[in-house]
Amino acid sequence: MNAPLPAYPRADTAAPPVFHEKEACMSGPDNIAKPKMGAAITVRNLSRFYGGTRAVDGVSFAVEAGEFLTLLGASGSGKSTTLMMIAGFVEPTAGQILIGGRDVSQLVPEKRNLGVVFQSYALFPHMNVFDNVAFPLKMRGIATDEIERRVQRTLTMVELESRRSYRVGQLSGGQQQRVALARALVFEPPVLLMDEPMGALDRRLREQLQRQVKEIQQDLGITVIYVTHDQEEAMLMSDRVGIMAEGKLCQIGAPREIYEAPRTPFVAAFLGESNFLRVRRTVVGWEICQENGTEAMVRPEDLRLLAKGESAPLRLEGRVRQIEFPGGAMRLVAETAAGLFEMRLHRHEATGLRLGQQVVLGWSDRDMVLFSDRPEGNA
Amino acid sequence: MRSSRAANFAVTASVVFAAVMMILPNAVIIPASFNGENYITFPPRSLSTRWYATFLTDPVWRSATWNSFVVAFFTALAATVLGTLAALGLIRFPPRTRSLMVSMFLLPVIVPTIISAVALYGLLAQFGGRGGLLGVIIGHTIITLPFVVVNVIAALQQMDMRLEHAARSLGASPLRSFIHVTLPMIWPGIAAGAVFAFLVSFSEIVMSLFLTGSGSVTLPVQMWSGIRFEINPTVAAASSVFVVLSCAVVMLMGLLRRKQGKAVKP
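Chains A and R are the protein sequences, given in the same order.
Heads up: the first sequence is residues 6 to 384, going by the working numbering.
Heads up: the second sequence is residues -4 to 261, going by the working numbering.
If you are wondering where the hints come from, they were derived from the structure by calculation, not from laboratory data.
Honestly, I wouldn't trust all of these hints.
Some, not all, of what chain A presents toward chain R, calculated at C-beta under 7 angstroms [as the list claims (entries may be wrong)]:
| no. | residue |
| --- | --- |
| 1 | VAL121 |
| 2 | PHE123 |
| 3 | ALA127 |
| 4 | PHE129 |
| 5 | PHE140 |
| 6 | ARG145 |
Heads up, the beta-carbon is just placed ideally off N, CA and C, and yes, glycines get one too.
Using the sequences and the hints given, assemble the complete structure.
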């Protein structure tokens, strides 16, 4: 599983691939010094078929102890089914699940010792906050005073100790989410599974909770598998992100790695914005072409407007079709020979640009991703 | 505007009509039960509680009432346990299979009771169980089972099944997750099913006519013979007691429901 990174096709072989540089967010977990209570998880060739539909189709990945892995995909991509198979609620059609080196595929959910946070929180409505969090300890036959101590400690961790005797219905969505988290952590499981836990929360609360979850995960050194359809959430929280589509795992890697070196056009288009074109290598550099050549992709934020006489390794002429301000950077859409191209501009750069105006877009070959013409199946 | 007012009036009128039709028999039978004459009359010519005295002291009526309570109690118990188990199993089927299976469980309500009664009569005769209370209890359990199944399925459908998943992931065995999570959430449905089973069994006559013997006559069977062979006013007293008891049970259930509803959604 620790095989050297495969050499991704990069535009310029002279420049080292960016993701090999020691930069922030470029590698997997680097919390090696921390004491770990997490367990490693290995999933081998996991599949689940419903009649003819392949909900999950031969998914394999390995999660290191203490790592935060996110499965990212649209609804129906099989990410939740994968998680539910690891939790033990869905029986795999084929494949193997190892947690801490032990095969748990045949184990009932209550014997797997995993913390699970559900999309709807699944708090017990007939119990108060304390009893909800105490439930897993009661099921393990732990003494009352020990239960009291551990529930108190966990509620303090999620900042809800003052709400311990509240009924579930009296809590806000964010508080319910934290109770669900406390309940899943109180018995100190080595692995935490989270199924779109922030789905029902508003944006601000979400960001706050994302940070809190991440901090708790790092403090405890617990292994987390997180499922979401929210890209930003996946990129922000995870050590590594796995992109899923149509039941298959398309690519797995550190957030910047999959963003900067997507292996297929699908992954490139799925994550962030992207401009696609075809290019061909020439003696002096690169040439943009219409039919032959290799498929390539460049991100909007890597494009810049070229002034007259200025040169760039790659350049493309176009006419301004749209200028929009979604907040933050300006968005410019230009009509070019390679189709519509989108790019980012600082607000000041956009002053003086008019619709229909001729512009020249330029970018460095270092920022361009090349896709080989191999079929996507073996990506 | 005018037509909607007319429609409103029609709806109100039909509701009032239906209510009157349902209350009317009671409005007749309860005054008639306080009649002092030797036959049922309405309006009563003289007031007396002698038929209540007969109902409460006559050994035939007392034993019939006792039998009915015994049968209804054990029927409700058996139907509740079996029906709840059936519902718990049925809810795990995919929706289409489930609705098919549920309609199979509703068959005892759809098939005329007399058919089931004749079939069970023949079967019990072979095993020598004819005429005893056990036979009546078996018969009543068959026809009250659908009431429990339907009520418990409805309660289970209201419940988020992920709660069971949550309980399992937190270390509860299937049995403990049922006791600690599912049961507290669906008990109003189970209670409603049990009460229905009790009331249906208590007033059931077709099955009972076939299956009761001389020692196991139930209240409805006794009332039937009281009407059939003599116009005995004790029947009026018995049915008044019957109506009051049923109303009390239904009201009690309503109170419990309301309390439970408050507990779940504060």
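For each hint, the structure was consulted:
1. Taking 7 angstroms as the C-beta contact cut-off toward chain R, the hint placing A:VAL121 at the interface holds, the least distance being around 4 angstroms.
2. Contact between A:PHE123 and chain R, as hinted, is supported at the beta carbon level, the nearest pair being about 5 angstroms apart and thus within 7 angstroms.
3. The closest approach between the C-beta of A:ALA127 and any C-beta of chain R is roughly 4 angstroms, which is under the 7 angstroms cut-off, so the hint is satisfied.
4. Below 7 angstroms, beta-carbon pairs count as interface contacts, and A:PHE129 has one with chain R at about 6 angstroms; its hint therefore holds.
5. With a least beta-carbon distance of about 6 angstroms to chain R, the hint placing A:PHE140 at the interface is held under the 7 angstroms criterion.
6. For the restraint placing A:ARG145 at the interface with chain R, the shortest Cβ-Cβ distance is roughly 6 angstroms, inside the 7 angstroms limit, so the hint holds.
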